[in-house]
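So you can see what is in the structure, the chains are spelled out below.
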Amino acid sequence: MSLSSPLSVLERPVVTDVAASPAPVETSTPRRRRWVRPVLLGAVLPLALIALWQLIATSGLVASYRLPTPLGVWAAGVDLYERGVLYQHVAISTQRVLLGFVIGSVVGLALASVVGLSARVSEFFAPTLGALRAVPSLAWVPLLGLYLGYNEDSKVALIAIGAFFPVYTTVASALRHVDAHLVELGRSYGYSGPALLGLVQLPAVVPAVISSLRLALAQAWLFLVAGELLGASLGLGFLLVDSQQNGRIDRLFLTIILLGVLGKLTDTAVGVLERFLLKRWGS
Amino acid sequence: MSSSSLRDSIASDALSVSIRGLARSFGERRVLNDVSLEIAQGEIVALIGPSGCGKSTLLRHIGGLDTPTAGSITIGDAPVTGLDARSAIAFQEPRLLPWRSLTRNVEVGLPRTRRAASDRERVSHLLELVKLSESAHLRPREISGGMAQRVSLARALARQPGVLLLDEPFGALDALTRLAMQDLLLELHAAEPATIVIVTHDVDEALYLADRVVLLGSSPADSADAVSSVRATVTVPGHRPRDRGSADLAVLRAELLEGLGVATHHLPVTSSS
Numbered sequence: 001m002s003l004s005s006p007l008s009v010l011e012r013p014v015v016t017d018v019a020a021s022p023a024p025v026e027t028s029t030p031r032r033r034r035w036v037r038p039v040l041l042g043a044v045l046p047l048a049l050i051a052l053w054q055l056i057a058t059s060g061l062v063a064s065y066r067l068p069t070p071l072g073v074w075a076a077g078v079d080l081y082e083r084g085v086l087y088q089h090v091a092i093s094t095q096r097v098l099l100g101f102v103i104g105s106v107v108g109l110a111l112a113s114v115v116g117l118s119a120r121v122s123e124f125f126a127p128t129l130g131a132l133r134a135v136p137s138l139a140w141v142p143l144l145g146l147y148l149g150y151n152e153d154s155k156v157a158l159i160a161i162g163a164f165f166p167v168y169t170t171v172a173s174a175l176r177h178v179d180a181h182l183v184e185l186g187r188s189y190g191y192s193g194p195a196l197l198g199l200v201q202l203p204a205v206v207p208a209v210i211s212s213l214r215l216a217l218a219q220a221w222l223f224l225v226a227g228e229l230l231g232a233s234l235g236l237g238f239l240l241v242d243s244q245q246n247g248r249i250d251r252l253f254l255t256i257i258l259l260g261v262l263g264k265l266t267d268t269a270v271g272v273l274e275r276f277l278l279k280r281w282g283s
Numbered sequence: 001m002s003s004s005s006l007r008d009s010i011a012s013d014a015l016s017v018s019i020r021g022l023a024r025s026f027g028e029r030r031v032l033n034d035v036s037l038e039i040a041q042g043e044i045v046a047l048i049g050p051s052g053c054g055k056s057t058l059l060r061h062i063g064g065l066d067t068p069t070a071g072s073i074t075i076g077d078a079p080v081t082g083l084d085a086r087s088a089i090a091f092q093e094p095r096l097l098p099w100r101s102l103t104r105n106v107e108v109g110l111p112r113t114r115r116a117a118s119d120r121e122r123v124s125h126l127l128e129l130v131k132l133s134e135s136a137h138l139r140p141r142e143i144s145g146g147m148a149q150r151v152s153l154a155r156a157l158a159r160q161p162g163v164l165l166l167d168e169p170f171g172a173l174d175a176l177t178r179l180a181m182q183d184l185l186l187e188l189h190a191a192e193p194a195t196i197v198i199v200t201h202d203v204d205e206a207l208y209l210a211d212r213v214v215l216l217g218s219s220p221a222d223s224a225d226a227v228s229s230v231r232a233t234v235t236v237p238g239h240r241p242r243d244r245g246s247a248d249l250a251v252l253r254a255e256l257l258e259g260l261g262v263a264t265h266h267l268p269v270t271s272s273s
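Chains as they are written, first to last, in the numbering used here: chain A, 1 to 283; chain B, 1 to 273.
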C-alpha cells in the first residue's frame with residue numbers, strides 16, 4: 001500500500017510503554033521484593049496475636065480449660081495427625097466444599113445466563129428464586145436430611161445451595177447491565193443467541209463472575225460447617241461439635257484455625273484464577 | 001490496480017440504495033415522513049440536518065436496525081427486511097470490545113457464514129489500510145479516539161459491504177484528526193469500493209466527502225410538528241480530492257448552513273477596486 005496520510009504522525013498509541021515496547025529485563029531482586037514485602041507485612045498481625053494469646057494463656061488470667069495455649073493447640077493437631085484422623089476430617093470437608101461449590105456455581109451460571117438475557121424468563125423465574133434465596137440456610141438441613149439422608153448427598157446439596165445464590169444473583173444482574181451499545185454492535189454484525197452471548201455478554205461479565213465465585217466459595221465453607229454441625233461423623237464441623245461435647249478446647253481452637261486457613265487457601269486459588277482471567281478478559 | 005479495473009470492481013461490489021416514501025413514527029411522534037432518495041452504486045451521500053431531525057434514524061433503517069412505519073428500502077435488487085449483510089454500520093462511538101485486541105475487533109466484522117484462511121489476510125490488509133498494522137495487538141483502552149474510529153471503519157469494511165453506513169463517525173474527534181480521517185475515508189473508498197451514506201452535522205465535511213449532500217429537516221411552513229423529510233439535495237461540483245477552500249464550495253456551504261437555520265453573514269464576492 002502506498003497510501004500516505006498525516007494520520008500516522010498525528011496519532012500514536014497512548015500507552016506504548018505498557019504493551020508495545022518490550023519490558024526492560026528485570027533483575028530478580030525487585031521482582032522478589034514485590035511479593036516478599038506484603039507477605040512479611042501480612043504475617044505481622046497473626047504472629048502478634050499468637051504472642052498475645054500465649055501471654056494471656058500462660059498468665060493465669062483465663063482458666064486453661066477455657067483458653068488453651070498455642071503450643072497446646074499445635075500438640076492437639078499433631079496428636080490428631082498421628083492418629084490419622086486429621087487428614088480425614090480436612091479431606092472430607094474440602095471435598096464437600098469443592099463439590100458443592102462447583103455444582104452450585106455451574107447451575108448458578110447457567111440459570112443466570114438464561115434469566116439475565118431474557119426479560120421474559122426473568123419475570124418467570126426471578127420471584128421464585130428470590131423467595132428461595134430468602135430462606136435461611138439452616139432451614140434446608142432437616143428437609144435435605146429427610147430426602148437425601150444424613151450422608152454426603154445432603155451435605156453437598158446444602159453447600160451447592162449456598163454457592164448457587166451469590167453466582168446467580170450477581171451474574172444475572174451483571175448480564176442485564178451489559179453495555180447496550182456493544183450488544184447492538186454484535187447484533188448488527190449478524191450475531192444472535194449463543195453466538196452473541198459468547199461474543200459480547202459473557203466476556204463483559206467475566207469480572208462479575210469472578211467476584212461472585214469468591215463470594216460463593218465463602219458461602220460454601222459457611223454452609224459446610226452448618227451442615228456438618230447438624231449431622232456428620234466426619235469433617236471439620238463434626239470435629240467442632242465433638243470437641244465441644246468432650247471439652248477439648250484445644251481441638252476447638254485447632255478446627256477454627258484450620259477453617260480459617262483452608263478458606264483463605266481456596267480463596268487465594270480463586271484469586272490466581274481471577275488474575276489470569278482479568279488479564280485475558282478485563283478491559 | 002488500473003483505474004478502469006477499479007471502476008469495474010466498484011460496479012460489481014457497491015450496491016445502489018433506493019428509499020421510497022419512508023415514514024417512521026415513535027408512538028405518537030412522527031419523526032420521518034415521505035422520505036424518498038435514490039443513491040447510485042459507489043456514490044457517497046452525506047445526510048445533514050439539525051440534531052434530532054432523524055438523520056441517524058434514516059441511516060439505521062438502511063442498515064435494517066430499525067423498521068419503517070411506512071415505505072420501503074431496497075439495496076441492490078432486494079428489499080431490506082431486517083439486519084442486512086449487504087450493509088455495514090460504523091457508529092458514532094467506536095464500540096470496540098475492550099477485551100479483544102484491535103485485530104480481533106476487526107474480525108468481528110467478517111461475514112459469519114464463511115470463515116476462511118483468507119480472512120486473516122483480509123483483516124491484516126484492512127488494518128494496514130487504516131494504518132494500524134503496528135498497533136494491531138493493542139487493546140482498545142491503549143489507543144486514542146481517532147485510532148478507535150479507524151478500527152471501527154476497518155471492522156465495517158471487513159464485511160465487504162455493498163453499502164457502508166457511517167453515523168457521525170468523526171463527530172467526537174478533534175478538528176485536526178477529523179480532517180485526516182476524512183482523507184483516510186476517501187482513500188478507503190478508492191481501495192474498498194462501497195456506496196457510502198454518511199450522517200454528519202458538519203457541512204464542510206459533507207461538502208468535502210460527498211457527491212451529493214441531502215438536507216433533512218422539517219419545512220418551515222409546518223414547524224409546529226417537527227416531521228422531517230428531504231428538503232434539498234445538492235450535487236457537489238468537481239472531483240475528489242476537493243479543495244477545502246474552494247469558492248464554489250463556499251457558496252454551497254452558505255446555502256446549506258442557511259438551510260440548517262444558521263445565519264452565515266455571507267457576502268457575495270465582489271471585485272474590490
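Simulated from the structure, these hints should not be mistaken for laboratory data. Just so we're clear, the structure is a prediction, and the values are computed from it rather than from any experiment. Possibly wrong hints are sitting among the right ones.
Distance windows between CB atoms, simulated [said to hold, decoys possible]:
no.	chain 1	residue 1	chain 2	residue 2	range
1	B	G27	A	L98	50 to 60 Å
2	B	G27	A	R280	25 to 35 Å
3	A	L148	B	R141	40 to 50 Å
4	A	S192	B	R29	25 to 35 Å
5	A	A126	B	E28	53 to 63 Å
Yeah, the Cβ is synthetic: ideal placement off N, Cα and C, and Gly gets one too.
Hints and how they fare:
1. For the pair G27 (chain B) and L98 (chain A), the beta carbons lie near 54 Å from each other, so the given range of 50 to 60 Å is met.
2. In this structure, G27 (chain B) and R280 (chain A) break the distance hint of 25 to 35 Å, their C-beta atoms being roughly 44 Å apart.
3. Checked against the hint of 40 to 50 Å, the C-beta distance between L148 (chain A) and R141 (chain B) comes to roughly 49 Å, which is consistent with it.
4. Checking the proposed 25 to 35 Å range against S192 (chain A) and R29 (chain B) shows it holds: the Cβ atoms sit about 29 Å from each other.
5. Separated by about 32 Å at the C-beta atoms, A126 (chain A) and E28 (chain B) break the suggested range of 53 to 63 Å.
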